[in-house]
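Q: Listed below, chain by chain, are the residues.
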Amino acid sequence: MTTTAPAGAAAPPQPPSATPAAPRRSRSLTRGGGLFVLPFLVVFALFLVWPVVQGLWMSLTDASLSLRGTEFVGFANYTEAFGDPDVWSSLGNTVFFTVISCVPLVLVALAMALLVHSGLAGQWVWRLAYFAPYLLPVTVVTLIWTWLYQPDIGLGNQLLTSLGMEPVGWLSDESVAMWSVAALTVWWTVGFNFLLYLAALQSLPVTYDEAAALDGAGAWRRLWSVTLPQLRHTTVLVAMLQVLASLKVFDQIYILTKGGPNGSTRPILEYVYDVGFTGYRLGYASAVSYIFFAIVIVVSVLQLRFFRQEG
Amino acid sequence: MSAISTPVRRPRRPRREESGSPLLLGHGRLPKVLAGSTLTVLAAVWLLPFLWAVATSLQSEQDVMKSGLSPFKGAFTLSAYRQILDRGNVPAWAFNSLFISVLVTVLTTAVSTLAAYGFSRGTFRGRRTLLAITVAAIMVPPQLLIVPLFEQMTMFHLVDTYTAVILPQVVAPMMVFILKRFFDGIPRELEDAARIDGASELRVFTSIVLPLSRPIVAAVAIFVFIGAWNNFMWPFIVTNDPDLMTLPVGLATVKDAYGIQYAQSMASALLAALPLIVMFLLFQRRIVNSVATTGLGGG
Chain W
1 MTTTAPAGAA
11 APPQPPSATP
21 AAPRRSRSLT
31 RGGGLFVLPF
41 LVVFALFLVW
51 PVVQGLWMSL
61 TDASLSLRGT
71 EFVGFANYTE
81 AFGDPDVWSS
91 LGNTVFFTVI
101 SCVPLVLVAL
111 AMALLVHSGL
121 AGQWVWRLAY
131 FAPYLLPVTV
141 VTLIWTWLYQ
151 PDIGLGNQLL
161 TSLGMEPVGW
171 LSDESVAMWS
181 VAALTVWWTV
191 GFNFLLYLAA
201 LQSLPVTYDE
211 AAALDGAGAW
221 RRLWSVTLPQ
231 LRHTTVLVAM
241 LQVLASLKVF
251 DQIYILTKGG
261 PNGSTRPILE
271 YVYDVGFTGY
281 RLGYASAVSY
291 IFFAIVIVVS
301 VLQLRFFRQE
311 G
Chain F
312 MSAISTPVRR
322 PRRPRREESG
332 SPLLLGHGRL
342 PKVLAGSTLT
352 VLAAVWLLPF
362 LWAVATSLQS
372 EQDVMKSGLS
382 PFKGAFTLSA
392 YRQILDRGNV
402 PAWAFNSLFI
412 SVLVTVLTTA
422 VSTLAAYGFS
432 RGTFRGRRTL
442 LAITVAAIMV
452 PPQLLIVPLF
462 EQMTMFHLVD
472 TYTAVILPQV
482 VAPMMVFILK
492 RFFDGIPREL
502 EDAARIDGAS
512 ELRVFTSIVL
522 PLSRPIVAAV
532 AIFVFIGAWN
542 NFMWPFIVTN
552 DPDLMTLPVG
562 LATVKDAYGI
572 QYAQSMASAL
582 LAALPLIVMF
592 LLFQRRIVNS
602 VATTGLGGG
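Protein sequences, first through last, are from chains W and F. Here the numbering used here is used: position 302 in the first sequence is 302, and no number is missing along the way. The number in the numbering used here is simply the position in the second sequence, starting from 1, with 311 added.
Isolated chain F, as found in the complex (with noise of 0.2 Å):
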């Protein structure tokens, strides 16, 4: 009945999609008032552990050991980062986790990109049995690779380098798969008018497809660095020097040298996921939307 309402909705488009599926739950009070609260709840759910991670993170750990459920059980204090970033690694470690992330993200984009056009758009010899063979190593789960791509790096004496940890990450079969889809659908014409004009392959691939392009190259770089960033098996096998060692594989080493100092650990576990954080913070509707058009993730 109160269906009938819905054109006069039209109107409020224009604030973006924030508003979703007005017609779900229907116009009801209840519904609403259900739906509102299963949400809050599997919120409050989700973010409990998150939470008295940071309040264990806020206190001394005389205070942590004793019981009780109040997240507070003794006086607020900073020592805990205090401590973790005086003496602990964690600024190297963190150090190391930007420059090995970054460097993946860019040389996996670039790489991925250049590759993905020249399989959209290139003509060369062997070209689809290569794309085939590419697409196939998408079933390759990366944890095969580990024990031969070990001995690879002693073979090269790269065991404990960036080089080791960095190289073998930029390999992303499935990034080149999701940028030559979306290369495939850009319509050629448009490249062909600059190509009549005698502009080389790389000027109408930097001058004209990837301007169009960006949302989805900016999506595969996002989800390269969360990969990069998150990577824990690769890392931690080929590096053993604790001045090399990322975020993750040091705090790793934390956990087992501390034993149960857990206001440290928690200080150090938030320090790791704080720059994630910001970043969904601030690219929260990129994030949403890269998700939308690759419909993939990660690695």
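This is chain W alone, in the form it adopts within the complex (with noise of 0.2 Å):
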């Protein structure tokens, strides 16, 4: 039930009704709760503020990865990448890839949990084929689909040339190399908007369904006047994670096509990767991934506004 709380909202801050039958000797305790935050506060601060605060700092200076004399260099980075050329090609490509990524994410998704919920025996059999894939680490879904992307003997070209197609450059041609990445990561990550999808089903009530089959709706009918309307509040989220998830595509191009043919894969986390790692210039990096994050933070806040005014 839980699903249709889009999760990423801002926490609703309970007011915590003070406690005040809590006695004082627990209170002193734990101080209050204080330490049962304690640990976590410790690795978040070490882990993930500090990070933040100090890539902020090293997008400023012109760090390396040689480490010796590192200096303040203000915007500088920030004014390079904005006339950086491979920034702007490289966030196409992540515009690119989340655009023809999410829309089949979704549908595809939301089609699996309709027909899985539908009714038909042998529901663990759908799950676990739709499912399964999301289970696999990155190099193992990336070695095999290198393998049926393979230009010769791969599975793709072959099912191509037995049909008397042409066979296609899966990851050489440049037209063709992003898709060939999208179709690879909607079978491998459906399955999980799948599975919410088929929660959020299982929890409607069936009252609406039973009374509008009652009323004579036919199953169309019914499936866009009740079902689909219920389900929006799953769609949203399911949606806005997508996005945001596909936006940070990283792993299954760097392994499949390091970017390549000619950049037409690379995504601007690979640039992020690239420059930093390859190109040893963190400071730049840095920057680069901090426009990448405020992209990110307008991207959220942008969803979220329109979502709430369609609802």
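No lab work stands behind these hints: they were computed from the structure. It is possible that part of the hints are untrue.
[Unchecked claim] On the chain F side, residues computed to face chain W include the following (Cβ under 10 Å): (1) Gly385; (2) Gln463; (3) Thr465; (4) Phe516; (5) Leu555; (6) Leu558.
[What the hints assert, rightly or not] If you want the footprint, here are the derived chain W segments under chain F, 3+ residues with CB under 8 Å: (7) 89 to 99; (8) 117 to 125; (9) 153 to 163; (10) 275 to 282; (11) 293 to 301.
All C-beta atoms, glycine included, are put in the ideal place defined by N, C-alpha and C.
Two chains, two separate frames, one set of hints: put the complex together.
A: Take a look at the structure:
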């Protein structure tokens, strides 16, 4: 049931009712619960807050992997980034990937969940088939797909040629490569969205559906007018999470194509990685990642507003 | 018309919710056949890459290179698996993956559960501010932290250690948030009785709140484990020593080193996937339910 609440939204700070019932002894023992939070706060401060602050600082310096002689350079990295064509092209790739991956990742997941929920036998088989790829480590996924995309003996081209079609340069053709990455990503991660939808469907009250059926509404009618509207919140959640996840694409692309051919699949995060760890320009890499972070925040805020208005 | 028959189905309810909504397809034969065949085709498409990988891993390298749509172009053999296990680092990587994932899971779950309880029931100063910062941190893309974290690890001389791989993964604001929301929903009356009896907060937590929260804690643990097992970018960046690599990282290096030895690549890929597939088969229902209750997985 909790699926319907957009989990990304700010925490509703419940009035804590001040628990006057809490006896003084326990208060002194744990300092009002502070000790419970302490271990988390330590790791949180060390491995999240500090790197965020340090990264922001680094983005204002010319820090490099060789460490010595870091100098404060102000906003130079940022100005450079805005004029850097590679930043723009990798951002463009990221947006393109987000668009072509999110649409099927939401729609296919919804279709799968509706079909599985429709009461056919063998539920666990479907669940396993659709969700299993999500369990695979990224390297395994890319290994399997490198094999399928293999130009000569890969399954993809063999299927095409056996149907009398021209073989495709799945990963070598600039206009195709990103679609190949998206196909892999849909196969790999759709299972999670599918489970979110399935869980939502299972928690829907049957009464509306029953009432509509008694009123003589057919299956399609009930799907459009009863079930889908009830899934609205889940769709909002799935779409928002998916957009944010797709914007952060890196792993599968890095392993599959290293951003190639000719930079056509290089997402912004790979550019950050390339600049920082291959080009050793950590300061510049930080600046680019902060620009990306700003974009992520803007996108999330826009999404929240958009969906609030819709509702 | 046939909708009248719905109440008759009631007695079948106890068979868990397996049957889904019988209403969705109506009672005609055609929609069922259509839905069934769509499901089957989709499932086949989804399983095909898997089956192809399995078939490839069970052949010799030479046979794999023969073209032909039949999955088996030559004799069935386990040689790829034998070669991997004999000379590869796969067993060591599997151990690293397991060791790291288990530690990450235990630490993250413990730290997050405690923190969530503190945030939910605590009265300490700055509680709200700290909670707000934690929730805001959910927005930070983990990739943003990679560069400064690496710097930090270099500074502490922790590059190429288990510590460096594990500790940063223990920070899971999302899990704290999910758990806190769950704890908020547990009525305080249950605890107040114990508090009046003089139980310490820790006692209240371990003997009242935790037992009530077992499903959600299990869900969090499962997703932390999947996330840790599959984590690629951070272990990849912070380990160079092949003996310390996790399976996903190690496999990425194998792919580059072995080039086109597909049978071995597939065999090692499947070995790496096996533990999670087994886990899914064992905990299927729990995983599905946990997605339902948390609404989220992964990091």
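Q: With reference to the structure, classify each hint as holding or not holding.
A: These are the hints, each one checked on the structure:
no.: 1; hint: Gly385; in the structure: violated, 13 Å
no.: 2; hint: Gln463; in the structure: holds, 6 Å
no.: 3; hint: Thr465; in the structure: holds, 8 Å
no.: 4; hint: Phe516; in the structure: holds, 7 Å
no.: 5; hint: Leu555; in the structure: violated, 16 Å
no.: 6; hint: Leu558; in the structure: holds, 6 Å
no.: 7; hint: 89 to 99; in the structure: violated (count 0)
no.: 8; hint: 117 to 125; in the structure: holds (count 7)
no.: 9; hint: 153 to 163; in the structure: holds (count 5)
no.: 10; hint: 275 to 282; in the structure: holds (count 3)
no.: 11; hint: 293 to 301; in the structure: holds (count 4)
Checked against the numbered hints above, the structure breaks hints 1, 5, 7 and satisfies the rest.
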